[in-house]
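Quick mapping for you: the protein sequence lines, in order, are chains D and Z. Here the first sequence is numbered in the working numbering, starting from 1078 and rising by one per residue. Here the second sequence is numbered in the working numbering, starting from 13 and rising by one per residue.
Keep in mind the hints are simulated off the structure, nothing from the lab. Accuracy of the hints is not assured; some may be wrong.
[Claimed, not checked] In silico negatives: residues of chain Z with every beta carbon more than 10 Å from chain D:
no., residue
1, Arg46
2, Glu275
3, Glu285
4, Pro325
[Stated by the list, open to error] Stretch by stretch, here's where chain D covers chain Z in the computed footprint (C-beta under 8 Å, at least three residues):
no., region
5, 16-29
6, 140-148
7, 151-159
[Said to hold, decoys possible] Cβ-to-Cβ under 7 Å is the rule here; a few derived chain D residues that face chain Z:
no., residue
8, Ser1290
9, Phe1541
10, Trp1549
Quick reminder that beta carbons are idealized off the backbone N, C-alpha and C, glycines included.
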Amino acid sequence: MLFNSIEFLFLFLPVTLVIYYTARRFGGHQAALALLTLASLVFYGWWNASYLALLLSSIIVNHGFGMAIRHRGSQPWLAIGIVFNLALIGVYKYADFFVANTNAVSGLDLPLAHLALPLAISFFTFQQISYLVDVARNHASPGSLVKHALFVSFFPQLIAGPIIRHREIADQFDDAKRKDKLSDNLGIGFTIFALGLAKKVLLADNLEPFASSGFDIAAHGGEVGALAAWTSALCYAFQIFFDFSGYSDMALGLARMFGFHIPANFNAPYRATSVVDFWRRWHITLSRFLRDYLYIPLGGNRKGETRRWVNLFIVMLLGGLWHGAAWTFVVWGGLHGLGLAWCHWIDSKFPGGLFPKPLKFLAPLLTFAFVTFAWVFFRADSFAAASTMLAGMAGLNGLGENVGDEPFIAIIVSLAIIWGLPDTISAVSRYLDPRTLAGQENNLQKGWRWSASTTSAILIASLFFIAIINSWTVAEFIYYRF
Amino acid sequence: MTLIAWLVGFGGFTLLVDPYEIAPWISIEGVNARRTRAHEDGYRVHVGHRLLTSDAGTITLGSSRVMDGFPRELPDWPGGYENLAMAGTSAFELARASALAARNDAVQCVVIGVDLREFSTDTNTQATYWITPMAGGSRLAALAKMALSTSAFARALQTVDDNISGGSDTRWEQAYAEAGLPARFEEELAKRYRYYASYEYDPERVAFLFRGIDALIASGKQVVVFIHPVHAWYEEARQRAGAGPAEFALRRDIAAQLAARGELAEAGQACFEGPALQAWDFGGFSAPAQTAPPAADGSAPSAWYYVPSHYRPPLGHAILERLAGRSGAFPVDADFGRPLSPETLDADLAALQTGRAAWLQSQTPWQIHADAAFDALDANPPAPEAGPRAFLTRSDHVELERDVRRIERDASSTATSGGTR
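Please construct the entire structure, taking both the sequences and the accompanying hints into account.
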């Protein structure tokens, strides 16, 4: 069930809201949480009921590990728990990748398992690992099975994040005396959801054909000219931002409709002035996870500059691999690892920044150019396709076929939105909880702010309506496949 | 409240007017009694629902060539007949339409017309595809999407306007007015040459269509895929613009799809002799294709064609009769239509070549005229049509596969339970 599908908008969401608030009013907090958990499992099972067993197994087993860690000590239960989660994702996501590479290197002909990738496995696996580590570190308590199930399966964030830490949501689940102002929850939640839906269906889905055109030609062995290569690469950079940040906004808004505050995942990443800054604004909860559960345990910056660069590189390689079982994702992560190391080196050599004040505007431009270049590996189906695209971007195939005016108009509109308007969390910042802003308070953009009024309610309702009537192409969110 | 007002006002109006004639029982004089816009957007919204509700034993699917080239109704056809073509369709839509029609128990036989156009890298769908049951399978959801669709709302407004003013879509009604056909016949020489100069054949779409057809076969229906009999001017435009190899590739790929499915038994309730899945080639330089274009002064219209790309219903009827093994009421050349299979592939390709050679040697005035026109285009090539190329996506495959497997699973469990009874 996609957030922009008719079943979700007109059936699942309103019914779940009514059930949740009715249960909260008449059945109590625990009953409401239990019903919300049940609804989340229905949401997950809607795609493929057979994977529900996998999700439930993961919840039950990890809850057992959490209890064992709390009552019997971290070791060996933490290690066993992490191995269990990595094995789960390893089997479903990386088994064929591993076998194919083994075959390629050894000349063997081991059979591929061809297991379908269960939806959301990358996301809920990370949440489970963070849960076990936090319980072991005494940052979280195991809680009840129902609350653990809701922490993992809470439908707004289940499929593609944000990746929530147990302690960020557990206290909200535990707070039975929480006083909800229904109109605030629905009004603010609905507004954020509408902005996210508009990003997805009005922007991302309309950019998709222009983005896919060049990449698909490259994937089918065709030659891509400079016009097609650049318009495709740029449109993809915008598409993935509007798509994923739109999804994250919808998740934020949906959670708020139920009175929960989850961390923001995006904050105008294409305004970043360096690769380091980019990762503080793009997929914020993944960056946080990689920092706290991988980079710091590897030693972080505590063992010298060289080791820090190596650690960053390793973290980003694995971050790339987390996105997909393909070497193109590893290269994408590796490029960002190099970018991060380079930026830290520049910072150490030029504490005041690389550019003098009049040329500071070059920093976001160069960062955006680097990120767009790296996206080519992320989007391309193979190295051959990525090479074709990069050859096109380098002008090696000439200007190529005329791509028409539309991609250029799309690029100009996207740039105007990205660099001219504040991102969602800035626009609605005065209504967001500190738990949602999650350290972004000092990084908000200036400019337009949404404020609750009759006029803005009418405008948001109209934007939501326009988004709805343009929702029917049912384009899957890009991050659903990870 | 604003949102509810928008949804109820917009959606309610569209549903009430029902511009695509999905619920024909809602008929209000002066509002929507005349569904003047049901044909808009290639009929696909109407067709999407009829695929599930039609009670005809035989249906035809395809593009505007089938829509215009086959009868709308054939009262005497055994088991009933309905033309469910969609203008501007593609292999993607035809595959989804096949998977949907597989769920209709009344349908026994499905005849699908194709040619190179359906397997190009043009866009997979028209915008209104998404508000039909083909996208998702549920009539109720499709109805809700239609109610909340800008295209349907625009058609509803036009319908009401037509009903109030007594107007209609004159462009649609006069598309094949005899007086304009000689000029349109002539225009197509350059138009088709230009299209095929930038044509790109996508073999993946042949496999995709046949995967949709698998759902029809699994549900016990007979399927006939045929290649359209376009006029020789159109065929020659393809050859001269460089799409000749694609013509061969399409026939090879269709034969390969048949080969991959092996010998299929006759369908449970067959309409035509032969196995449950068969392919026919009515394309190439057949006798009807080589007939004269309409006289410029309108004194002698073409018996078989409106324009080179679109034949008339008598030729479509002749195709059905040929498939049924009858000479029919509109007899054409005995060689019209060749079975296409792995066994007949070489003969079919040879027939295509000899047919063209015969046409080139025919030296009829219209052949000489076309040759000269193409020579001029070769000498001064027009700019090829440009647009973003589209390919099938991972989710296209996943969704079709999910639907087809469900039907295959249901058919298999029905067969098993039937066998144990």
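Going through the hints against the structure:
no. : hint    : verdict
1   : Arg46   : holds, 26 Å
2   : Glu275  : holds, 28 Å
3   : Glu285  : holds, 39 Å
4   : Pro325  : holds, 33 Å
5   : 16-29   : holds (count 3)
6   : 140-148 : holds (count 4)
7   : 151-159 : holds (count 3)
8   : Ser1290 : holds, 4 Å
9   : Phe1541 : holds, 6 Å
10  : Trp1549 : holds, 4 Å
No hint from the list above goes unmet by this structure.
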